[in-house]
Each structure stands twice: as C-alpha cells, then as structure tokens.
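Let the hints inform the model, and build the full structure from the sequences given.
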Amino acid sequence: MQGPFISLLSDYGFKATFGNERDSLFLRRALQALIQSDTPIAEVTFLPNELVRLNPDSRGGVYDLACTDELGRYFIVEMQLSNYPEFLQRMKFYSLYRFNTLVLRGDYSFKNLPRIYCIGILGTTIFPEISAYHNTAVLRNEAGELMDDQTVFITVELPKFVKPAAAIITDLDKLLYTMKTLHQAPEDQTKWPEFWTEEWIRTAMQELDWRSMDPEELLLYQMTMTKNAHAVQVVKKQVEKAEQEARQIGLEEGMQEGMQQGMQEGMQQAATATVRNLLAMNLLTTAQIAAAANVTPAFVEGVRAAGAGSA
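The opening residue of the sequence shown carries number 18 in my numbering; numbering runs sequentially from there.
Hints may contain errors.
[What the hints assert, rightly or not] So the derived label-pair ranges between C-beta atoms look like this: (1) L113 - W209: 37 to 45 Å; (2) D231 - K180: 40 to 48 Å; (3) P314 - F63: 39 to 47 Å; (4) R157 - T207: 42 to 50 Å; (5) L113 - K208: 44 to 52 Å; (6) G319 - L88: 44 to 52 Å; (7) P102 - M240: 49 to 57 Å; (8) E103 - N158: 21 to 29 Å; (9) S229 - L64: 28 to 36 Å; (10) K180 - D226: 23 to 31 Å; (11) D231 - Q167: 42 to 50 Å; (12) L88 - A183: 32 to 40 Å; (13) K32 - F110: 19 to 27 Å.
Note that these hints are calculated values from the structure, not bench results. Note that CB positions come from ideal geometry on N, CA and C, so glycine has one too.
Pasting the structure below:
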C-alpha cells in the first residue's frame with residue numbers, strides 16, 4: 018500500500034466515508050458543502066440504493082448512496098470515475114424515479130413535494146465547455162429566471178479542481194482536495210493541510226487509515242481491491258479489442274502508409290483513453306497502469322501531464 022490512507026475515491030473509500038451509517042458527520046458536512054447550504058444538516062436516514070421497478074415494464078438499477086435529512090429532502094449521490102458522456106442522462110433517470118415514487122405515494126398529488134438533490138462526483142470531464150468544477154442546475158427560462166428548483170442536479174468534475182491546499186477556504190474545496198489527495202498523504206503530519214484537523218475530515222481519515230483496520234475490515238478492503246483488479250483486466254481486454262479494431266481500420270485503408278497510420282492512431286487513442294480512465298480511479302501506481310494498458314510509464318506520465326494541463 019502507498020501511504021497511510023486508502024483512496025476516498027475507491028469503492029471501499031466511498032462506502033467507508035459517505036456511506037458510514039455508524040457516524041454520518043462526514044456525509045452530512047459533505048452534503049451541506051455540495052449543495053452550498055449555510056444550514057447544517059442535523060441528521061440523515063440512509064435509504065436502500067436499489068431502484069425497485071415501479072411496474073413490470075420499467076427499469077431497475079442501483080446508485081451509490083441515497084438518504085434523506087431531517088427536513089425531508091432527498092439526496093442521491095453517484096460517483097463515476099471512468100468516462101461516461103451520458104452521465105447526466107443517468108442522473109435524470111435516478112431523480113425522475115425518486116420523483117415518481119413521491120408522486121405515487123401522494124396518490125398522484127404534486128403539492129408540497131420535498132426537494133431532490135441528485136449529486137454526481139466525476140473523475141472525468143463531461144462538460145468541456147464549462148470551466149467551473151462545481152455546477153448546480155435547476156429549471157430556468159431563457160432569461161435565466163427560476164421556474165422550479167424542486168429537483169436539483171449537482172455535478173463535480175474532479176479534474177477541473179486544481180487548487181493548492183494554501184488557497185482552500187470553503188468546505189466544498191476542503192472536501193474535493195481531500196478526495197483527490199488523501200491517498201497520497203505523506204506519513205509526516207506536519208506536511209498535511211491544516212483543515213485536515215477538522216473533526217468531519219478527521220472522521221473520514223480514521224475510516225481510511227488502513228493501519229488501524231481490524232482483520233475483518235482489512236479483508237473487506239482487500240476483497241474490494243481484488244474486485245478493482247478484475248476491473249482493470251476487463252479494461253485491458255477492451256484495449257486489446259480496440260487494438261484489433263485499429264488494425265482492421267488500417268487494413269481497410271488499402272495503402273501501406275495509410276494502414277500503418279491507421280493502426281498507430283487507433284492504438285494511440287485506445288491506449289490514451291484507457292490510461293485516462295485508470296488514472297481517474299486513483300487506485301494504481303504508474304507502473305501498474307502502464308502494465309494494464311500495455312504502455313510505458315513515460316506514456317502514462319505524459320497522459321497525466323496532458324490531463325493536468327487541460328484541467
């Protein structure tokens with residue numbers, strides 16, 4: 018393991034912090050920061066994260082976390098680290114499912130519906146034309162005037178967040194900085210940002226310190242890492258398939274020069290996309306990513322540098 022902390026962006030890390038039902042302090046402060054509210058969330062009630070079919074013809078599904086607070090507001094939190102251009106459509110599906118259940122519960126009444134927050138934390142950029150890393154969307158008219166905010170969509174694109182620790186003031190930035198860097202924290206605590214001493218963040222750090230895990234917790238973490246390793250193998254097979262398709266494209270061009278260029282371009286694009294996805298997971302070393310994507314460590318660092326420069 019590298020460093021004392023497990024990545025908060027890993028499956029295990031997300032469940033141990035956002036999904037911590039024994040102590041919801043971190044979740045409550047994180048939700049408050051993500052929805053940009055000045056009012057603390059006093060308590061949360063966790064909900065099943067599986068979408069039950071509303072009728073035989075409807076779809077089901079599973080999201081990462083769902084809960085309500087003491088005001089009756091609903092929160093759906095989904096973390097997506099790999100590339101998923103249609104992620105916003107998935108968020109709409111989740112929020113509309115929750116909206117439909119609320120309407121059905123009220124015998125098709127649309128009065129006094131609680132607010133629904135659908136929050137997406139992304140390891141890639143899906144809105145390249147938008148510079149902000151945190152966006153809140155509600156229903157507005159062409160003049161920008163508010164029409165309805167019963168359902169609120171919030172997205173966070175982590176690659177766009179590049180603030181150094183010294184420039185961080187808000188809870189939102191503290192949250193995002195911690196999510197991106199905790200697994201890289203040095204052993205020397207004097208080098209940690211001062212805001213990591215705040216109780217809500219310390220709560221999360223304690224859950225992610227693998228050195229303090231009991232045998233059962235360590236086993237659960239290792240099982241999760243095995244699952245992630247399997248996912249890497251799946252990605253590797255996708256790379257091999259992409260390489261085969263690239264060779265086919267080159268062959269179909271007919272000319273030797275065009276064939277070589279088509280092969281190289283296709284393989285280069287497939288390798289770059291794979292490395293980006295693995296970097297976004299924040300779980301593997303440069304050497305492990307290079308091995309999984311069948312590229313050199315220098316290639317991985319080049320993709321990493323290009324991503325940082327475009328953020």
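Each hint, compared with the structure:
1. L113 - W209: 37 to 45 Å: Because 42 Å falls inside the window, the suggested range holds.
2. D231 - K180: 40 to 48 Å: Roughly 35 Å apart at Cβ, these two residues miss the hinted range, so it is violated.
3. P314 - F63: 39 to 47 Å: Holds, since P314 and F63 (Cβ atoms, about 41 Å apart) stay within the stated range.
4. R157 - T207: 42 to 50 Å: holds (47 Å)
5. L113 - K208: 44 to 52 Å: Given about 46 Å between the Cβ atoms, the range holds.
6. G319 - L88: 44 to 52 Å: Holds, at about 48 Å.
7. P102 - M240: 49 to 57 Å: violated (31 Å)
8. E103 - N158: 21 to 29 Å: The hinted range 21 to 29 Å holds for E103 and N158, with Cβ atoms some 26 Å apart.
9. S229 - L64: 28 to 36 Å: Since the Cβ atoms of S229 and L64 sit about 29 Å apart, the hinted range of 28 to 36 Å holds.
10. K180 - D226: 23 to 31 Å: Hint holds: Cβ distance 24 Å, inside 23 to 31 Å.
11. D231 - Q167: 42 to 50 Å: Holds: the Cβ-Cβ distance is about 44 Å, inside 42 to 50 Å.
12. L88 - A183: 32 to 40 Å: holds (35 Å)
13. K32 - F110: 19 to 27 Å: holds (22 Å)
Comparing the model with each earlier hint shows violations of hints 2 and 7; every other hint is respected.
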